[in-house]
Amino acid sequence: MKKISHRINENNIIIIATLFLIVLLYGYGSLSFTGFLSMQVFLNLFIDNAYLIIIATGMAFVIITGGIDLSVASFVAFVSIITASLLEHGLHAYLVILLTLLLGIIFGAGQGYLIFRFQLHPWIVTLAGMFLARGLCYLISTESVEITDNTFMFLSDYKLYVMGENYISIGVVLSIIFVAAAIYLSKYTSFGRYVYAVGGNVSSARLMGLPVGKTTIMVYTLSGFSSALGGFVFTVYMQSGYALHLMGMEMDAIAACVIGGILLTGGAGYLIGPVLGVLSMGMIQTIIMFQGTLSSWWTKIVVGFLLFLFILLQRLIVIRRGKKRMHSIADLHTDSASTKQHASIS
Amino acid sequence: MSQFMIRYTQSKLFWPFAALVLLLLINFFTIPGFFHITIKNGHLFGSLIDIMNRVIPLLVIAIGMTLVIAKEGIDISVGSILAITAAAAASLLEVAPLPYAILFALVIGLICGLWNGILIAYLKIQPMIATLILMTVGRGIAQLITGGQILTINNKAYEYIGKGFLLGFPFAIYIGLAVFCIVLIVKKKTALGLFLESIGSNKTSSHFAGIRPEKMILIVYIISGICSAIAGILVSSNVSSADANNAGLWIELDAILAVVIGGTSMRGGRFYLGGTLIGALFIQTLSTTIYSIGIRPEMTMVVKAIVVIAVCLMQSGEFRKLIRQSSFKKKVNEA
Chain A
1 MKKISHRINE NNIIIIATLF LIVLLYGYGS LSFTGFLSMQ VFLNLFIDNA
51 YLIIIATGMA FVIITGGIDL SVASFVAFVS IITASLLEHG LHAYLVILLT
101 LLLGIIFGAG QGYLIFRFQL HPWIVTLAGM FLARGLCYLI STESVEITDN
151 TFMFLSDYKL YVMGENYISI GVVLSIIFVA AAIYLSKYTS FGRYVYAVGG
201 NVSSARLMGL PVGKTTIMVY TLSGFSSALG GFVFTVYMQS GYALHLMGME
251 MDAIAACVIG GILLTGGAGY LIGPVLGVLS MGMIQTIIMF QGTLSSWWTK
301 IVVGFLLFLF ILLQRLIVIR RGKKRMHSIA DLHTDSASTK QHASIS
Chain B
1 MSQFMIRYTQ SKLFWPFAAL VLLLLINFFT IPGFFHITIK NGHLFGSLID
51 IMNRVIPLLV IAIGMTLVIA KEGIDISVGS ILAITAAAAA SLLEVAPLPY
101 AILFALVIGL ICGLWNGILI AYLKIQPMIA TLILMTVGRG IAQLITGGQI
151 LTINNKAYEY IGKGFLLGFP FAIYIGLAVF CIVLIVKKKT ALGLFLESIG
201 SNKTSSHFAG IRPEKMILIV YIISGICSAI AGILVSSNVS SADANNAGLW
251 IELDAILAVV IGGTSMRGGR FYLGGTLIGA LFIQTLSTTI YSIGIRPEMT
301 MVVKAIVVIA VCLMQSGEFR KLIRQSSFKK KVNEA
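Protein sequence lines correspond, in order, to chains A and B.
For the first sequence, position 172 matches number 172 in my numbering, and the numbering has no gaps at all.
For the second sequence, position 286 matches number 286 in my numbering, and the numbering has no gaps at all.
In short, the hints are calculated from the structure, not lab data.
Be aware that one or more of the hints could be misleading.
Some chain A residues flagged as far from chain B (calculated, every beta-carbon gap over 10 Å) [what the hints assert, rightly or not]: (1) Ile16; (2) Leu120; (3) His121; (4) Arg134; (5) Phe154; (6) Trp297; (7) Val303.
Keeping only pairs whose Cα atoms sit at most 20 Å apart, straight-line, the calculated SDA-like set for lysine to any residue is [as the list claims (entries may be wrong)]: (8) B:Lys321 to A:Tyr113; (9) B:Lys124 to A:Tyr113; (10) B:Lys124 to A:Asn201; (11) A:Lys324 to B:Lys215; (12) B:Lys124 to A:Arg117; (13) A:Lys323 to B:Gln126; (14) B:Lys321 to A:Arg321; (15) B:Lys189 to A:Val318; (16) B:Lys124 to A:Phe305; (17) A:Lys323 to B:Leu123; (18) B:Lys187 to A:Lys323; (19) B:Lys203 to A:Thr265; (20) B:Lys124 to A:Ile317; (21) B:Lys124 to A:Gln119; (22) B:Lys163 to A:Gly200; (23) A:Lys324 to B:Val183; (24) B:Lys124 to A:Gly322; (25) B:Lys124 to A:Leu24; (26) B:Lys321 to A:His121; (27) B:Lys124 to A:Ala268; (28) A:Lys323 to B:Lys124; (29) B:Lys203 to B:Phe319; (30) B:Lys124 to A:Val318; (31) B:Lys321 to A:Gln119; (32) A:Lys323 to B:Phe319; (33) B:Lys124 to A:Gly267; (34) B:Lys156 to A:Arg320; (35) B:Lys124 to A:Arg320; (36) A:Lys214 to B:Phe319; (37) B:Lys215 to B:Gly164; (38) B:Lys124 to A:Gly200; (39) B:Lys124 to A:Leu316.
By construction, the Cβ of each residue, glycine as well, lies at the ideal position given by its N, Cα and C atoms.
Modelling step: build the complete structure from the supplied sequences, incorporating the hints.
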């Protein structure tokens, strides 16, 4: 068993800052509002944001390789509406779930292929993917479609009781499993290593003989799968399919990654980060809800401000890292110079 | 002849222009009276005038975006800046005369651009991320200004900007042309234009040539902010209201598309203002065509997505190589 170090360094400082923020927000909330400190309020954070946790975690892989996926929110809306309309036509629920997950994989792989094979900018490709998914939503239905399928009703009403009276939903269980799998994938598999290597420096990854193309396509496939899974969780949560679901949620997912310490330049970050990012954003929302008099747009302003702080923090880390690298190169030079001197003296 | 063809098809402006002409031809054959322009009360009316009028806010933003993209940047906050300036102008119009409201809106656009520029040029934050902040906060601020309501504007002079006619043409067209010409002159005739292009092509060598990239990057984001403010004034005066949630929603995406279709690479370098003009016209014509041909309006986004991917593939060197190889193989097989 490896000893876990407790030192604060530049790799984990953002995670620690985010944890500190969550504790601070939670402390503020429980001191200011009665009823905030209940276990269920805390668990509701997970229930309300389960889909976002899954999607942000999938997105984290893409961001670590230095890319971006803007299509996630539209794809969730697409999954919700295609699930609703297929169920309306009498298809079996499990078949529908399987189909949507498969669609997510194909959609993501297609985007990844375009990005890698033709060297297109991830921004443009996933932007087009975003348009495509939203447009397909409108084609299927412009109205909100309610889901009355028994299986989905059962999944939605299912409550897993933890610690007495408090419960979590199926979505939360799925999101926890997904995050655990993502952490395992990033830390203990060769795929995870490749992802970090590609994000750190594409050219050197290629020179090392790593499968850059396969990795790129894989991360977008993973992101497509995670948005399909997130879409399923969201559909179960909302009980309806609607083309206008989750407008602009891709920015929330990116923000969660930033606050959770996934470096946007790629190559660094822990997969637990997005979860913490989502939790702190959810906490802000809960506080504003409890406060009552503040309007909903304050959420946007506060989240934006937080985003700014964390981006600054990231920037400082990158600057420090750059300086350190410069120093180590300088040290190398002086070392080699002194050995040369020694050699000439002797 | 083939030499001639190759030279013209290699030009960056050829493909977008060809696509626009193709689209207009489709309209010509499918919609009777598409090119018909009538004069009512001394004003020109017709589908073409309508397209030209509606494209102006998008065009103005796309011009700012062209400069930003030429610096390897991106500004996704334009829609939010548009919403803020529209809300600010509308709310100030209730208490102050028109010139102050317009000036105030422009100053707010400038401040937003300055904020983006400082983050990107001096704090060296990635452009997309830096503008993401304002994009998220911007709608919140706009809602804060309007108090969550849709502000209606009752000022005839202000409404003239977006709805009025001058010499038969909609007044907005003149504003759009003015912005286009000013930026074009700056690009072609001033040292600033030369510096802007050189930094996009090679940051390091222009740094050695004594150009300060930071200052130039700051300037382009300020220009982009002011362009968004102009678009905000145009949009709000056209619909006589300021809607914090929906004003300029997704206009950043349309603007990026217009720039990319116009041949300016997302990787920076040379920029083509004429291409952006054609790109913006193309997008607006596409939307109008879809509405008037009778395809369901919901198709707009699907068509846009397919067009974007097609145009980007055309521009991708890898894709051209693939096509060339396959046609070469065919020739070999035939032989």
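- Sort out which numbered hints this structure fails and list those numbers smallest first. 2, 3, 4, 6, 7, 9, 11, 12, 14, 15, 18, 21, 22, 23, 25, 29, 32, 34, 37
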